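Chemist: Construct the complete structure from the given sequences, taking the supplied hints into account.
Given next are the chains, with one letter for each unit.
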Amino acid sequence: QKEVEQNSGPLSVPEGAIASLNCTYSDRGSQSFFWYRQYSGKSPELIMFIYSNGDKEDGRFTAQLNKASQYVSLLIRDSQPSDSATYLCAVNILGGYNKLIFGAGTRLAVHP
Amino acid sequence: DGGITQSPKYLFRKEGQNVTLSCEQNLNHDAMYWYRQDPGQGLRLIYYSQIVNDFQKGDIAEGYSVSREKKESFPLTVTSAQKNPTAFYLCASSSGVAAFFGQGTRLTVV
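One line per chain: the protein sequences are C and S, in this order. Everything in the first sequence is counted per my numbering, starting at 1 for the first residue and increasing by one. Everything in the second sequence is counted per my numbering, starting at 1001 for the first residue and increasing by one.
Calculated directly from the structure, the hints in this document are not laboratory data. Here the structure is a predicted model, which means the values were calculated and not measured. Check each hint, because a few of them may be wrong.
[As the list claims (entries may be wrong)] Result set (DSS-like, lysine-lysine): computed pairs, CA atoms no more than 30 Å apart in a straight line:
{"hint": "1", "chain 1": "S", "residue 1": "Lys-1014", "chain 2": "C", "residue 2": "Lys-2"}
{"hint": "2", "chain 1": "S", "residue 1": "Lys-1070", "chain 2": "C", "residue 2": "Lys-67"}
{"hint": "3", "chain 1": "S", "residue 1": "Lys-1057", "chain 2": "S", "residue 2": "Lys-1009"}
{"hint": "4", "chain 1": "C", "residue 1": "Lys-42", "chain 2": "S", "residue 2": "Lys-1071"}
{"hint": "5", "chain 1": "S", "residue 1": "Lys-1083", "chain 2": "C", "residue 2": "Lys-42"}
{"hint": "6", "chain 1": "S", "residue 1": "Lys-1070", "chain 2": "C", "residue 2": "Lys-42"}
{"hint": "7", "chain 1": "C", "residue 1": "Lys-2", "chain 2": "S", "residue 2": "Lys-1057"}
{"hint": "8", "chain 1": "C", "residue 1": "Lys-67", "chain 2": "S", "residue 2": "Lys-1009"}
{"hint": "9", "chain 1": "C", "residue 1": "Lys-2", "chain 2": "S", "residue 2": "Lys-1083"}
{"hint": "10", "chain 1": "C", "residue 1": "Lys-2", "chain 2": "C", "residue 2": "Lys-67"}
{"hint": "11", "chain 1": "S", "residue 1": "Lys-1057", "chain 2": "C", "residue 2": "Lys-42"}
Modeler: Encoded structure:
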């Protein structure tokens, strides 16, 4: 079982819709969870991080964490064509050395 | 400006050569990471370091080596033992809250 799993997509949504991106992780003791956006040929950029169960909102983005289900999601409201990118989920694996593991990413395509 | 600087942006390596990728940060972050990304794939962890003079192997450390002699610097050497080194290499640093990335080095074997 991979430590961090994401559906590779592509996820295609119309402009203005809500895009929902999902991520599961295997290490039940993980404490920190991150969402990054990566445009083609560029390095990842941090969108949000979340530590506690529940929702965390930042503008059009909402991160949701359910530690009991080992599940993290990212909602993008009012999706724009500029949101078209690969979204990477990352988890900080416990073990004393702050190991940061990424999922394979979900490609999002927002069409006008 | 504060940030993470990777150099060079593009690097070409001949078969059997060792090459070193540079990563420098002036964010005063303790943790630093090296990842490899192949086309259409996610990031795979090569090595990571929490403090000076200490580092840990990631999931794909074979054929790579690192050093952490200074807090600001975490160079990665791709050795001749790495049989398929062509990839996009990303360095990141973290204060413990979140990791931030450099612009990456694209390595090609010629």
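Chemist: Does the structure keep S/Lys-1083 and C/Lys-42 at a Cα separation of 30 Å or less?
Modeler: Distance ~25 Å between S/Lys-1083 and C/Lys-42 Cα, so the pair holds.
Chemist: Given the hinted pair C/Lys-2 and S/Lys-1057, is their alpha-carbon gap at most 30 Å?
Modeler: It holds: about 17 Å lies between the C-alpha atoms, which stays within 30 Å.
Chemist: C/Lys-67 and S/Lys-1009: Cα distance at most 30 Å?
Modeler: Judged against 30 Å, a Cα distance of about 39 Å means the pair is violated.
Chemist: Given the hinted pair C/Lys-2 and S/Lys-1083, is their Cα-Cα distance within 30 Å?
Modeler: Holds, because 24 Å separates the two Cα atoms, which is no more than 30 Å.
Chemist: Hinted pair, alpha-carbon criterion (30 Å max): S/Lys-1014, C/Lys-2. Please report holds or violated.
Modeler: violated (33 Å)
Chemist: Run the distance test for S/Lys-1057 versus S/Lys-1009: straight-line Cα separation, threshold 30 Å.
Modeler: holds (24 Å)
Chemist: Under the criterion that the straight-line Cα-Cα distance not exceed 30 Å, is the pair S/Lys-1070, C/Lys-42 satisfied?
Modeler: Holds, at about 27 Å.
Chemist: Starting from C/Lys-2, check that the Cα of C/Lys-67 is at most 30 Å away, please.
Modeler: Holds - the C-alpha atoms of C/Lys-67 and C/Lys-2 are around 17 Å apart, at most 30 Å.
Chemist: Is the Cα-Cα distance between S/Lys-1070 and C/Lys-67 30 Å or less?
Modeler: Not OK: S/Lys-1070 and C/Lys-67 at ~37 Å, beyond 30 Å, violated.
Chemist: Does S/Lys-1071 sit within 30 Å of C/Lys-42, going by the straight-line distance between their CA atoms?
Modeler: Judged against 30 Å, a Cα distance of about 25 Å means the pair holds.
Chemist: Hinted pair, alpha-carbon criterion (30 Å max): S/Lys-1057, C/Lys-42. Please report holds or violated.
Modeler: holds (25 Å)
In this structure, the hints that do not hold are numbers 1, 2, 8, in rising order.
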